Amino acid sequence: MHRMLTKYPIWGGLLLLALFILPLLLSPYGLSLLTQVLIFGLFAMSLDLLMGYTGLVSFNHATYFGVGAYTVAILAGLGLNNFWLSLVLGISIPVLLALLLGLLVLRSSGPYFLMITLAFGQMIFALAWRWRTITGGDDGLAGIPRPDLGLPMSMWKAQNFYYLVLVFFAFACLILWKFIHSRLGKAIVGVRESETRMQALGHNTWGLKYLSYIVAGGFAGLAGVFYVYFNGFISPQELNWTMSGQVILMVIIGGAGTLFGPVVGAGMIIILQNLISSHTERWPISMGIIFILCVMYLRDGVVGSALKLRKKGRGNL
Amino acid sequence: CGTQVDNSKDPIKVGLLVPYTGVFTSNGVDITRGVELYLNEVGYKAGGRDIKLIKEDSQMDGQVGLQKTRRLVESEKINILAGVVSSTVAYAIRDYVVANKVPFIISNAGACDLTREKGSEYIFRVSFSNGQYEYPEGNYVYNKLNVRKVVVMAPDYAAGHEKADGFMAGFKAQGGQIVQEIYPKLGTTDYGPYLTQIKNADAVWVHFSAADSIKFVKQYAEYGLKNKLPLLSSGDLVDESSLLGQGDSAIGIISALHYSAALTNPENQKFVKDYTAKYGEGPNMFAEQGYVTAKVIVKGIEAAGGKVSDSKLLLDSIRKVQFDAPRGPFKFDAKTQNVIFNTYIRKTEKINGKLVNTVVETIPNTADDWYKGK
Amino acid sequence: MLRLNEVHAHYGESHILHGVSMKVEKGSVVALLGRNGMGKTTTIHAIIGFNPPTKGEILFNGTNINGFPPNKISRMGMALVPQGRRIFRSLTVKENLILGFRNNKIKDNHNLERIYELFPVLQERAKQLGRNLSGGEQQMLAIARALMTEPEMILMDEPFEGLAPTIIKDIGLKIEELKNSGLSILLVEQNIHFAAKIADYLYIMNKGEIVYGGTPEQFHSEEDQWKRFIEI
Amino acid sequence: MKALETKSLTKHFGGLAVLQDISMTVEVGERRAIIGPNGAGKTTFFNTISGVIKPNAGEIFVFGDKVTQLPPFRRARLGLARTFQQNNLFVNLSLLDNINLAMPPNQAKMTPRDFLDNWGWWDKSTIPVKEFSYGEQRQVELLLALAQSPRLLLLDEPTAGMSSVETNKITTMIRNLSREITVLIIEHDMDVVFDFADRITVLNYGRVLFEGAKDEVRSDERVKEVYLGSVD
Amino acid sequence: MELSEIVIQTLNGISYGLLLFLLAAGLSLIFGLMGIINLAHGSYYTLGAYVGLVIIQMTGNFFVGLMGAAVVLALLGIVMERFFFRKLYKRELDQVLLTFGFAYLFMDINKWIWGGVPRSLPKPTFLEGSISILGEAFPIYRFGIIVIGLGIAVLLWLFLEKTRTGVIIRAGVDDKEMVSGLGINIKLYFSGIFALGAFLAAIGGVIGGPIIGAYPGLDFEILVLALAVVVVGGLGTLKGAFWGSLLIGFAETFGKAIFPDFAMFTIYVTMALILIFKPSGLLGKEES
Ligand SMILES: Nc1ncnc2c1ncn2[C@@H]1O[C@H](COP(=O)(O)OP(=O)(O)OP(=O)(O)O)[C@@H](O)[C@H]1O
Ligand SMILES: Nc1ncnc2c1ncn2[C@@H]1O[C@H](COP(=O)(O)OP(=O)(O)OP(=O)(O)O)[C@@H](O)[C@H]1O
Ligand SMILES: [Mg+2]
Ligand SMILES: [Mg+2]
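One line per chain: the protein sequences are A, B, C, D and E, in this order. Anchor point for the first sequence: position 290 equals 290 in this note's numbering, and the numbering is continuous, going up by one each time. Anchor point for the second sequence: position 227 equals 227 in this note's numbering, and the numbering is continuous, going up by one each time. Anchor point for the third sequence: position 80 equals 80 in this note's numbering, and the numbering is continuous, going up by one each time. Anchor point for the fourth sequence: position 2 equals 2 in this note's numbering, and the numbering is continuous, going up by one each time. Anchor point for the fifth sequence: position 159 equals 159 in this note's numbering, and the numbering is continuous, going up by one each time.
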């Protein structure tokens, strides 16, 4: 939003380059973590569109992620393994759902929005839990094969799959970046700041929120598609509020309203949690303390604070 | 992993994946204690090699469990995986484990398919398949307790349904009648509205575990049903760790399980004594399952002469393991690699001021084969 | 009553007040004038303790109150009519008023009655939420709320904004009355002529500094000295 | 053509009748002032016209189009712009971003930069609006409405909180706006009102008390009584 | 349903509703009134239950345990407000992260001290057993909950409505600085209300203990229930939390009785319906 962010794409480019080279240096386990970071980073970015830019903290973002994933899993169960079909449906079904739910939840705002989204999210969680014939119930669906793109390389190979995710990740970054810096994106920020003023200025604020909700849902669905391909498995747990809570934390830690910050947030949470919990059973204490320290010392999230520092360093406004 | 060269100086790595957070924390802890108790007994050695136990918290979440399994396999390069309390986690990691050819000893997760349709030569289960001991219980209550009409209650999740199915199949096979089935949600706080509805039955059969089991048993008594309708259950309801919280409300409950801390065979007496000495409280089924898990692993490695990299040899050796466990005779069903055990019908009683599950009947050699008759 | 000595204040990194010195005698009205953004509100905030000065002394009845929390300063007898009203939007009019009342019993209506006499419309609107008042009504409420604390001194930051001419006249009279009863007032005002009419002394502020001070008489005769700071 | 027409506009808040049967027409290019005591219903009148609140009865036409049921943003797209009595800005965004949001994408006659330059604000364009003083924010409030390139402009006390220099500057600039633009202004500053308006409407208790040219208003006894006070 | 069953289910609904009120009352102060998103509220509740259990076991007296736990948690509340929340008013996202951090911290500490085994709190002896109503049994303890729940509701209502405290807190949420400009030490009030919120959470934990118990994971279960009640009722109104509790209590109870298969849905369907038709909760004031 600020001018200082105009240099951002350069950093983004460098980061992408690093992401491109990293797999060559990482252990297989490291690579699998990195793949997850990309998937969750994408998921968190999509939520940031809602949280950071539109000012709507949604507690059912996992719904769209999970529905995208279930779509792919169910298609696979039907023997439909075409990647492009799964991709298209894995995005459009969450989008359709967002079109529907958006009509119902966007009447509320603030904490009420938080809770009505929670309510719908949990209903869909319960549905996945109970509708055993389609969803496999709480046992979930397993055995989803990696996608076959008709390319000479197998996606079962971790590196190949990683690069596939990376391509889509980069593409999504680009689209989201463009979106946020378009007139529409700026207008969405305006809605966050003052809805009544935006209306007086001739903007259809409800429409803007609705649009943002749907776009965010679509990208969450995309993340879900890769998630299920990566794990080969999906269960209702991924639709639960705990999952939504996790991404919310990723967004906050990385810095809401910084778009790429949440990717860093996702990286921090996934990597730290894995490192710490492998070393001690007391990982929740450690994570808890890290969260608390983040709040007390990094006001605007990791990336937000870094940007602030840079701004200070340059000594102008 | 199977391609590794066997360097017999290196320790054999065993991964243990159980929950250390969430509602089923205590099960994870109990299993770990059982495992460590046995490994201590053998000095963390088997087949002449050291054993290194690497513990991971599954958080009762399939995704997390899979991630942890990846770490164990890819980063730690474990030779054997053990543990897993929740069936969801077991299903989530099943394909990965099989694809990576890691022998997997299930210490608790009861989902039937894990040793049926989704069975694999890499998967062993030392605990139970859902319904395995509930089915004979169904027979028992019809024949020996003359119960004819039963209300069935279990939490609304896969294990709850499978266990209830096992019981109902056993009960109906003898001519019993199910008057009502109720599946409250997992983690229900208030069972009052359900208890108020129960009518026209000879008894109530339930499966609840952990915190739910305490809430349910206390509320069952509060609503005055304890003295009206006998409470029958799968053994989880009156797990030794729940009895303390349930108090006298638990007295008189009939349950079925492959274990009771009150068993009097020498192996169990030693187990209870050692366990209590080490941890300051008595063992329960989970502790015993952990203990047996470790013993299966150690015996298997020994039979394979420590050559864990020879996977065929190792799997064969594990499959053939047999010994006297605290629960009684232990062996695998060679076809499914699921355990065959004695089913104990127990009655919760207060003896010397302490609640125990006294064994009232032993049904030997229970395999997971009841469904075949369906 | 009130004296500022070389007061400096900052918002974050930006230095706003550069050594402001001024004084308000007991029972007098002092007006502070200046164009937008010159630091008038910052001065007021420095005095009440919202934005404590980074340097300098603020003596209130002889005590240096620099660094005191606002609630303490207020209890010493200082009240504020803030710029932009800042009434409590989710409280009713009456609740807004009783907040200023020092004796913690709600029942004592003595003060309320006097306030309602001055602003009858507030009584009519007593149960209405602050956010639903008209602009002028909010302004009246902000003045009334300050009076409820029975202060010795009031800081008024553009208190007449949005008030109808008749009301301004009424309040002008009320200020006269309060002044005569010993109340001191520091008044920030944009309307120079009006300020010169009711004040005993005037200061003009420019870019965080006091650039002029004088009585209304001097003020009228010395127009050439201050005009450029106000009218260019 | 008429820029604005209301027919029997009526609004109640609970038992309180805030607008009663207001019928008013404003010709294209007219400069109309709306005055009246605090709480008379002036802001509410603007709110119903701009669509922030729905009237209980009556109809509203903007340039001949019936807009009574339209949401606010549709009315804005007909060329209606308004300011708010209480600042309603994008306080965390820079001044430039504020203006960007206000300028219609294609039909804008100038770039945001030219616009800000024109009004003398370009040098502050990168500062977040929350760091402006109150009076400066009041000016931004007005800039936002002007940036919309409106055909019908509703100004709710635009000069409140501004220094006299700015007040003069603003009135001059509004007066010099093209005569294609119709302006309605609510003001309590009578200098501004009489300086600027062609016609004046006086509201009192939600009713039109008087409407006429400015000289007629000055001499009307009722208006003097309820609003202006005795002229001295 | 027979009459007797309707009567008992109604009693079930009331008692469950008031139990919900007990576990949400504290949150309705901290979140509803003060506007702090406290995701550690369930942790306060759980900690309260554990501390209460320890004190009851030591002293053998339920009410000593009740008050002891409440005081311990109130102190904890003061410390947390003073050193953490005070810096974070109006910064909702930071509050989410902070309190989530604390929720993790307390979760682990609880497990550390009390282990993973579910615990249950004893009842005071005079509330044990059940009485017969129209031939059906109903637990006496649930009458106790009804009485205590109503009692606390009335006391809180009196405290917030009949003293200036409620007004000061709401004003502080609107504009903290301005309140202090009126001579009120708003920090003290905020600390106080925060402490009271934690105090009430502990009361909920001990009173609810004999029915719900204390175990790992309880913290988040309670959190979701309490949030639901407070938000559905409408933020900032104690009455809202009260009616919200009763409504959800009834919906849950009769949902279980009439549609036992859909127990997983009832609470969320209720919430969604209310918020669709009243986007600011049952008694919440709509922002204009
Ligand atoms: N939402 C509301 N609920 C109840 N009363 C309201 C509401 N909005 C406005 N009012 C009342 O309606 C009356 C008219 O308000 P309005 O803001 O239109 O006055 P105004 O003429 O603009 O006054 P001012 O000159 O003080 O700004 C006021 O008395 C106000 O208290
Ligand atoms: N929160 C803030 N952060 C940074 N700078 C600020 C802030 N508030 C005010 N300023 C700056 O401080 C200077 C003085 O502001 P102040 O509000 O004291 O002016 P003022 O004289 O009261 O003006 P006005 O007549 O417009 O009310 C202005 O240049 C303003 O931009
Ligand atoms: Mg000012
Ligand atoms: Mg007005």
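Among the hints, a few may not be true.
Unchecked claim - With a cut-off of at most 30 Å between alpha-carbon atoms, the simulated DSS-like pairs for lysine-lysine come out as follows:
id, chain 1, residue 1, chain 2, residue 2
1, B, LYS199, B, LYS226
2, E, LYS278, E, LYS176
3, C, LYS55, E, LYS123
4, E, LYS162, E, LYS90
5, D, LYS224, C, LYS197
6, E, LYS123, B, LYS347
7, B, LYS335, B, LYS118
8, A, LYS157, B, LYS354
9, C, LYS207, C, LYS94
10, D, LYS54, C, LYS127
11, E, LYS239, C, LYS94
12, B, LYS118, B, LYS9
13, C, LYS55, D, LYS169
14, D, LYS130, E, LYS187
15, D, LYS169, C, LYS207
16, E, LYS123, C, LYS94
17, B, LYS228, E, LYS90
18, B, LYS331, B, LYS144
19, D, LYS169, C, LYS169
Don't read these hints as lab results, they were simulated from the structure. The structure presented is a predicted model; accordingly, all values stated were derived computationally and were not measured.
How the hints compare with the structure:
{"no.": "1", "hint": "LYS199(B) - LYS226(B)", "in the structure": "holds (13 Å)"}
{"no.": "2", "hint": "LYS278(E) - LYS176(E)", "in the structure": "holds (29 Å)"}
{"no.": "3", "hint": "LYS55(C) - LYS123(E)", "in the structure": "violated (62 Å)"}
{"no.": "4", "hint": "LYS162(E) - LYS90(E)", "in the structure": "holds (27 Å)"}
{"no.": "5", "hint": "LYS224(D) - LYS197(C)", "in the structure": "holds (22 Å)"}
{"no.": "6", "hint": "LYS123(E) - LYS347(B)", "in the structure": "holds (25 Å)"}
{"no.": "7", "hint": "LYS335(B) - LYS118(B)", "in the structure": "holds (13 Å)"}
{"no.": "8", "hint": "LYS157(A) - LYS354(B)", "in the structure": "violated (57 Å)"}
{"no.": "9", "hint": "LYS207(C) - LYS94(C)", "in the structure": "violated (39 Å)"}
{"no.": "10", "hint": "LYS54(D) - LYS127(C)", "in the structure": "holds (23 Å)"}
{"no.": "11", "hint": "LYS239(E) - LYS94(C)", "in the structure": "holds (21 Å)"}
{"no.": "12", "hint": "LYS118(B) - LYS9(B)", "in the structure": "violated (35 Å)"}
{"no.": "13", "hint": "LYS55(C) - LYS169(D)", "in the structure": "violated (36 Å)"}
{"no.": "14", "hint": "LYS130(D) - LYS187(E)", "in the structure": "holds (25 Å)"}
{"no.": "15", "hint": "LYS169(D) - LYS207(C)", "in the structure": "holds (20 Å)"}
{"no.": "16", "hint": "LYS123(E) - LYS94(C)", "in the structure": "violated (46 Å)"}
{"no.": "17", "hint": "LYS228(B) - LYS90(E)", "in the structure": "violated (56 Å)"}
{"no.": "18", "hint": "LYS331(B) - LYS144(B)", "in the structure": "holds (28 Å)"}
{"no.": "19", "hint": "LYS169(D) - LYS169(C)", "in the structure": "holds (26 Å)"}
Checked against the numbered hints listed earlier, the structure breaks hints 3, 8, 9, 12, 13, 16, 17; every other hint is satisfied.
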